[in-house]
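A.B. asks: The whole structure should be built from the sequences, with the hints applied where relevant.
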Amino acid sequence: MKVGVEVGGTFTDLVAHDNGRIRVIKVPSTPASPDIGVLDALRTAGIDFATIEDFAHGSTVATNAVLERKGGKVAFVATQGFRDILFLQRHDRKHIYDLFYKKPSPPVQRRACFEAKERILTDGSVDTALDEARFRSEVLPQLERGAYDAVAICLLNAYRNPAHELRLAQLIRAALPNVTVTCSHQVACEFREYERASTATLSAFVQPVIAGYLGRLTQALEREGFRGRFSVMQSNGGRLPADAMRENAISALFSGPAAGVVGAVRQVVRSGYRNVITFDMGGTSSDVCLVQDSKPTLASETEIDGLPVRTPVLDIVTVGAGGGSLIWVDNGGMLRVGPKSAGAQPGPACYGRGGTEPTITDAHVVLGTVRAEAFLGGQMALDVAAAHRAFDRLAAHFGLSVEAVAHNAVRLANANIVRAIQLVSTERGRDPRDYVLVPFGGAGPMQAAQIAEDLGIGTVVAPPNPGVTSAHGLLASDFIKYETQTYRVQVADDTCDQLRERFAGMKADLQAQFVRMAFDQPLEFSFTLEMRYVGQAFEVPLELDAAALAALERNSLSEGFTEAHERIYFHADKTGRPIEVVALRVGATLVTPHVSATASVTGSLDAAPGEPALYDGRNWMPCRRRTVAALGADGAALSGPAVLEDYTTTVLVPAGWQASVDTQSNLILSKEV
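Residue numbers for the sequence shown follow full-length UniProt numbering, so the first one is 1 and each next one is one higher.
Bear in mind the hints are in silico, worked out from the structure with no lab data behind them.
Misleading hints may appear alongside valid ones.
Unchecked claim - Simulated restraints on C-beta separations: (1) Asp431 x Ala381: 41 to 49 Å; (2) Gln170 x Asp431: 47 to 55 Å; (3) Gln109 x Arg223: 35 to 43 Å; (4) Glu559 x Ala175: 51 to 59 Å; (5) Asp662 x Gln170: 56 to 64 Å; (6) Glu247 x Glu553: 49 to 57 Å.
Stated by the list, open to error - Straight line, CA to CA, 30 Å or less: simulated DSSO-like cross-link-like pairs of lysine-lysine: (7) Lys102 x Lys70; (8) Lys295 x Lys102; (9) Lys507 x Lys295; (10) Lys295 x Lys671; (11) Lys295 x Lys574; (12) Lys103 x Lys340; (13) Lys70 x Lys340; (14) Lys117 x Lys103; (15) Lys94 x Lys73; (16) Lys94 x Lys70; (17) Lys295 x Lys2; (18) Lys73 x Lys103.
A virtual CB, placed ideally from N, CA and C, is assigned to each residue, including glycine.
C.D. replies: Have a look at this one:
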């Protein structure tokens, strides 16, 4: 028995694989205690905990801890003279026309920022030795009085020489054994002091929350008889054992979206689609990611709540447009969608749990896309009248019908998602028309064809059970760990030999880490160089496999960088301008047996009676309504307008599109010529 459980903003999804049989369950999330939702899903599925061999988990616990500022009480220790680095940040302005713009607030108070007298230079040499006596007498007593849960340490140039950080960590742990200590070189061994300090502080901030959550969930599972392997999804698209995640909580920030990308790609590749744009529309947001040659793009840095996180993550762009996103009017009288969401409590108005504000889900109920009798396979009743009432105020404001306002809200949400897709495609030097759109999540397939049409994409491929693709991705993912370090060297004749030597050391370190995690199987390695022209401020990644690294020489290195630079920026300097390597990254992957998403599923609808009308923005039009299972059984194509119903989602097939199910159980929507 292999089980994946992903906690989303509105629903907690479960996928269980048991000897070729797949069980799919969606239960309401419990935001106050996500572990309760996990146990509810397992019990609702009727799973014997003792039979679970592999339990994979993804959640928004770390993300919510940062967004809601509900992490641990954190102190920050910096080199003398640098205690304000978290507040000075960068001299940029994210919203240049906002007269009231404020820089994002770090998760630490200024009075909780302390200094250590020491100084390490950029070459790693010690300029000023660590003053241990002063730290013991001045800083440690303040840390003790502050009753902190965690301490983040970020010393100048510690990525080159971490000796002082390690010594401070020893002093703090000896004096305060119950306090979690995070050293910046252990979470982001790279230059750029502010980004490294922000990453270390955020990691320390979420560490107590993640450790406590995983500890409670582990105990609860064991009380129920679970004795299998417990792993947690990371933001980079790979899993790690739960024990290892407690020491590296920052890597779990975007575990849910990453799992969805992995699950979708692993499934659609079975049908031959390798260049895709994934589109995950859940209850609170939409996440999009570009995948080239079946490999999701990996970014070296991301942001959460405006704060940088310097750790490898899948290059996912998120917008506040989900099924639970609120529809409202701004101060200028314009219609808006999101980013605020109704979440799981109270949820959309149609859920009948006290919600009164209109959401995208309510809009689809009003438009006839979602049929109350078929939602979640008929297991969850919807209040259609409440969905209509939620739009009354907006309809009066605009002087339109309820249906017209709902239609315009969906179009606006589509526009927001189109812009997000352009960020990962057009602005990365990729034409979205060269890709297929892969929607999943509970709301993604409802809007995918319309979004594809706006982008000029002619094919949409939805994996089976798209509403639980993220949960499936937990089981489909491999175990992955990355090691990154700053290494600045200008490209010369002997550079490639130096790079191979550095990479060999990083590779050996990763192998040792997997041994400590009780994995002794062969690993697959990937190698990435962060490169730039001398004088540039930002880098371009150049990815290599083992064979390319072994054959690498000066000319191929320069040519590879020039090609990557030209693809992204549409220009490159071919006059011999000096090129430099700035950082190295090694990825170690333990490949796991890939599970299929094509076996039969319990809980699906059997039939969709009648042909209710569908509102197209002007008129009510008749549409055909089938189940995905029935369409697959027939083997015939269905032309729109039509609605396909499934236990986990609803699929809209607009006029001018046709739908069919292929031999791998993927649903194919094609633009009719």
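A.B. asks: Is Lys103 close enough to Lys340, meaning Cα to Cα at most 30 Å?
C.D. replies: holds (21 Å)
A.B. asks: Is the distance from the Cβ of Gln170 to the Cβ of Asp431 consistent with 47 to 55 Å?
C.D. replies: Since the Cβ atoms of Gln170 and Asp431 sit about 54 Å apart, the hinted range of 47 to 55 Å holds.
A.B. asks: Given the hint that Lys94 pairs with Lys73, test it: the Cα-Cα distance must not exceed 30 Å.
C.D. replies: holds (27 Å)
A.B. asks: Holds or violated: Lys70 with Lys340, Cα cutoff 30 Å?
C.D. replies: At roughly 18 Å apart (the allowed maximum being 30 Å), Lys340 and Lys70 satisfy the hint.
A.B. asks: For the pair supplied as a hint, Lys117 and Lys103, is the alpha-carbon distance within the 30 Å limit?
C.D. replies: holds (28 Å)
A.B. asks: Does the Cβ-Cβ separation between Asp662 and Gln170 fall within 56 to 64 Å?
C.D. replies: holds (59 Å)
A.B. asks: Honestly, do Glu559 and Ala175 meet the 51 to 59 Å range at C-beta?
C.D. replies: holds (54 Å)
A.B. asks: Quick one: are Asp431 and Ala381 within 41 to 49 Å, going by C-beta?
C.D. replies: About 44 Å separates the Cβ atoms of Asp431 and Ala381, which means 41 to 49 Å holds.
A.B. asks: Just to be sure I understand the hint, the distance between the Cβ atoms of Gln109 and Arg223 should be within 35 to 43 Å; is that true here?
C.D. replies: Holds: the Cβ-Cβ distance is about 38 Å, inside 35 to 43 Å.
A.B. asks: For a C-alpha distance cap of 30 Å, please report whether Lys507 and Lys295 respect it.
C.D. replies: Roughly 21 Å separates the two Cα atoms, so the pair holds.
A.B. asks: Below or equal to 30 Å on CA atoms is what counts here, so check Lys102 against Lys70.
C.D. replies: holds (21 Å)
A.B. asks: Regarding the pair Lys73 and Lys103, is the alpha-carbon distance no greater than 30 Å?
C.D. replies: Holds: Lys73 and Lys103 sit about 21 Å apart, inside 30 Å.
Violated hints, listed in ascending order, are 6, 8; each of the other numbered hints is respected by the structure.
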